[in-house]
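Enquirer: Listed below, chain by chain, are the residues.
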Amino acid sequence: MKFIKTLTGDRDIALLVGQVLRTGVITASIIAFVGGILYLAAHGADSVPDYSNFTGEGQEFTTFTGIFAGLATFKPSAVIQFGALILLATPILRVFFSLIGFVIEKDRMYIFITLIVLCIIFFSMFGGLKI
Amino acid sequence: MNVLIFSLILLAGAYVAGLLGAMTGLGGGVVVIPLLTLVFHVDIRYAIGAALLASIGNSSGAASAYIKEGITNVRLGMFLEIATTAGAVGGALIAVFTPTNTIAILFGVVLIFSALMTIRKKNEQAEQEGSRLSYVLKLNSSYPTKEGIVHYKLKNVGGGFSIMLLAGVLSGLLGIGSGALKVLAMDGAMRIPFKVSTTTSNFMIGVTAAASAVVYLQRGYIDPGIAFPVVLGVLGGAFTGARLLTVLNPKTLRYIFCAAISFVAMEMIYNGLHHQF
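Going line by line, the protein sequences match chains A and B. Numbers 0 to 130, taken from numbering that gives the first Met the number 0, label the letters of the first sequence in order. Numbers 0 to 276, taken from numbering that gives the first Met the number 0, label the letters of the second sequence in order.
Keep in mind the hints are simulated off the structure, nothing from the lab. Heads up, a few of these hints could be off.
Said to hold, decoys possible - Derived pair list, reagent style DSS-like, types lysine-lysine, alpha-carbon separation capped at 25 Å: (1) B:Lys-67 - B:Lys-137; (2) A:Lys-105 - B:Lys-137; (3) B:Lys-250 - A:Lys-105; (4) B:Lys-145 - B:Lys-120; (5) B:Lys-121 - B:Lys-145; (6) B:Lys-120 - B:Lys-154; (7) B:Lys-67 - B:Lys-194; (8) A:Lys-105 - B:Lys-152; (9) B:Lys-250 - B:Lys-194.
To be verified - Covered stretches of chain A (in silico footprint by chain B; criterion: 3 or more residues with CB under 8 Å from a CB of chain B, positions within the stretch not fixed): (10) 20 to 26; (11) 31 to 41; (12) 44 to 55; (13) 59 to 71; (14) 77 to 83; (15) 112 to 125.
Said to hold, decoys possible - Label-pair distances were calculated between CB atoms; the ranges are: (16) A:Lys-105 - B:Leu-7: 45 to 55 Å; (17) B:Leu-243 - A:Ser-51: 32 to 42 Å; (18) A:Ile-115 - B:Pro-98: 28 to 38 Å; (19) B:Glu-146 - A:Ala-71: 52 to 62 Å; (20) A:Phe-125 - B:Val-135: 25 to 35 Å; (21) B:Phe-96 - A:Phe-122: 38 to 48 Å; (22) B:Leu-7 - A:Asn-52: 38 to 48 Å.
Note that the structure is a prediction, hence the values are computed from the model and not measured. Beta carbons are placed, not taken as given, at the ideal position from N, Cα and C, and that holds for glycine.
Use the sequences and the hints to build the structure in full.
Expert: Here it is as structure tokens:
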């Protein structure tokens with residue numbers, strides 16, 4: 000047990016978290032780049048959509064099913080949104096890894112605190128906040 | 000203007016935003032929102048969606064480097080994230096009922112405040128006496144410096160927590176990291192050495208922004224055509240900025256940037272008051 004403790008101490012978890020953040024950011028930018036190239040190839044010569052008028056994105060770019068359906072057909076905008084999703088997931092994953100770290104340290108109070116943070120994030124994801 | 004030119008200008012603008020953000024400590028959103036709304040006349044709601052992505056990219060990129068140095072106080076960050084994420088979700092909810100002109104004016108005010116906070120004198124003293132709550136919550140810690148390990152203790156945990164709640168609301172409402180307020184809570188109220196507050200604030204911004212960005216994504220604020228140049232530009236700029244930071248002293252740059260930001264802020268407030276959004 001002592002060996003595991005030294006192997007996965009505070010510092011190793013911190014390094015792992017740093018790695019997760021970097022990997023997430025790099026992956027997200029690669030996907031956004033690919034999506035961007037595809038998007039420009041398809042729409043580069045079109046005139047700019049009227050962004051001064053807020054209409055909001057449709058189902059296809061705002062839901063998991065919509066984005067993944069578009070991704071399956073390699074739809075440029077869906078690829079970009081998928082990159083955005085990865086970027087959004089990166090800090091949330093970081094909270095997960097911190098949780099694992101506190102579990103290993105058997106720090107009950109901080110396991111609880113981390114769970115509260117995760118619950119708030121999940122509430123905003125699934126709490127039907129879409130108005 | 001066609002999509003290709005729009006994307007390229009946006010990419011260059013976002014690159015500058017990331018560069019300045021990394022070098023001055025003000026997040027990418029601070030530049031991205033005025034660029035999109037004042038220059039391209041994009042609706043502020045699309046701008047907020049893009050700025051949230053920029054904040055997450057900036058924070059995650061920088062945080063990965065800071066954690067390695069062991070300066071970030073992970074426990075403190077996690078504890079305060081209860082306040083910032085709850086605030087951010089609340090702010091994102093209020094945003095629906097807030098007129099866009101009000102959001103623009105509020106953004107301008109926060110921008111001027113952030114600029115002032117960036118150039119003010121920082122707390123570098125490590126407190127030796129902590130409040131009772133700081134012991135209960137195990138928030139006191141240490142960090143490495145050139146002169147060796149420095150131990151510090153925290154004061155006024157409740158006050159810091161309340162300011163964080165406000166920082167969260169503003170971040171959810173405006174799409175920015177509100178790093179200036181986060182630093183004010185830690186450095187001003189809780190008396191933590193500046194270096195620890197900056198890195199811990201940076202560490203928290205990503206999580207705070209992600210909590211509200213999920214809501215905004217579902218509401219359709221994130222447009223793929225705006226998102227991709229912003230994400231790529233900000234990340235590239237932040238990366239270069241972090242490199243440049245080690246070779247040059249950004250003190251003068253900070254003053255120039257803060258003056259420029261204040262000017263932009265007044266423009267936002269003026270347009271907001273005249274219902275231009």
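Enquirer: Could you run down the list of hints and mark each one as holding or not?
Expert: Status of each hint after checking the structure:
1. For the proposed pair Lys-67 (chain B) and Lys-137 (chain B), the alpha carbon gap of about 21 Å is at most 25 Å, so the pair holds.
2. Taking the CA atoms of Lys-105 (chain A) and Lys-137 (chain B), the gap is about 14 Å. The hint holds against a cut of 25 Å.
3. Taken as a hint, the Lys-250 (chain B) and Lys-105 (chain A) pair is broken in the structure, with Cα atoms around 43 Å apart against an allowance of 25 Å.
4. Taking the CA atoms of Lys-145 (chain B) and Lys-120 (chain B), the gap is near 21 Å; set against the 25 Å cutoff, the hint holds.
5. With a CA separation close to 18 Å, the supplied pair Lys-121 (chain B) and Lys-145 (chain B) stays within the 25 Å bound.
6. For a cut-off of 25 Å, the pair hint linking Lys-120 (chain B) to Lys-154 (chain B) stands: about 19 Å separates their Cα positions.
7. Using a Cα cut-off of 25 Å, the hinted pair Lys-67 (chain B) and Lys-194 (chain B) holds, with the two alpha carbons roughly 14 Å apart.
8. The straight-line distance between the Cα atoms of Lys-105 (chain A) and Lys-152 (chain B) is roughly 23 Å, inside the 25 Å bound, and the hint therefore holds.
9. Taken as a hint, the Lys-250 (chain B) and Lys-194 (chain B) pair is honoured in the structure, with Cα atoms around 16 Å apart against an allowance of 25 Å.
10. Look at the segment 20 to 26 of chain A against chain B: 4 of its residues bring a Cβ nearer than 8 Å to a Cβ of that chain, three or more, so the hint holds.
11. Figure legend: the segment 31 to 41 of chain A, annotated as covered by chain B; annotation consistent (6 residues with Cβ-Cβ distances under 8 Å, at least 3 required).
12. Chain B is given as covering the segment 44 to 55 of chain A, and this holds because 11 residues of the stretch bring a CB closer than 8 Å to a CB of that chain, at least three being needed.
13. Residue count for the segment 59 to 71 of chain A with a Cβ under 8 Å from a Cβ of chain B: 3. That meets the three needed, and the coverage hint holds.
14. Only when three residues or more bring their CB closer than 8 Å to a CB of chain B does the claim for the segment 77 to 83 of chain A stand; here the count is 5, and the claim holds.
15. With 9 residues bearing a CB less than 8 Å from a CB of chain B, the segment 112 to 125 of chain A meets the requirement of three and the coverage assertion stands.
16. Here the CB-CB span from Lys-105 (chain A) to Leu-7 (chain B) is close to 53 Å, well matched to the stated 45 to 55 Å.
17. Between Leu-243 (chain B) and Ser-51 (chain A) the beta carbon distance is about 35 Å. The supplied range of 32 to 42 Å therefore holds.
18. Checked against the given bound of 28 to 38 Å, the beta carbons of Ile-115 (chain A) and Pro-98 (chain B), roughly 33 Å apart, stay inside it.
19. Taken as a hint, the range 52 to 62 Å holds for the pair Glu-146 (chain B) and Ala-71 (chain A), whose Cβ atoms sit roughly 57 Å apart.
20. Take Phe-125 (chain A) and Val-135 (chain B): their Cβ atoms lie about 32 Å apart, and the range 25 to 35 Å holds.
21. Hint check: Phe-96 (chain B) to Phe-122 (chain A), Cβ distance near 19 Å, so the stated range 38 to 48 Å is violated.
22. Distance hint check for Leu-7 (chain B) and Asn-52 (chain A): the Cβ-Cβ separation is about 23 Å, which falls outside the suggested range of 38 to 48 Å.
The structure fails to meet hints 3, 21 and 22 from the earlier list, while all remaining hints are met.
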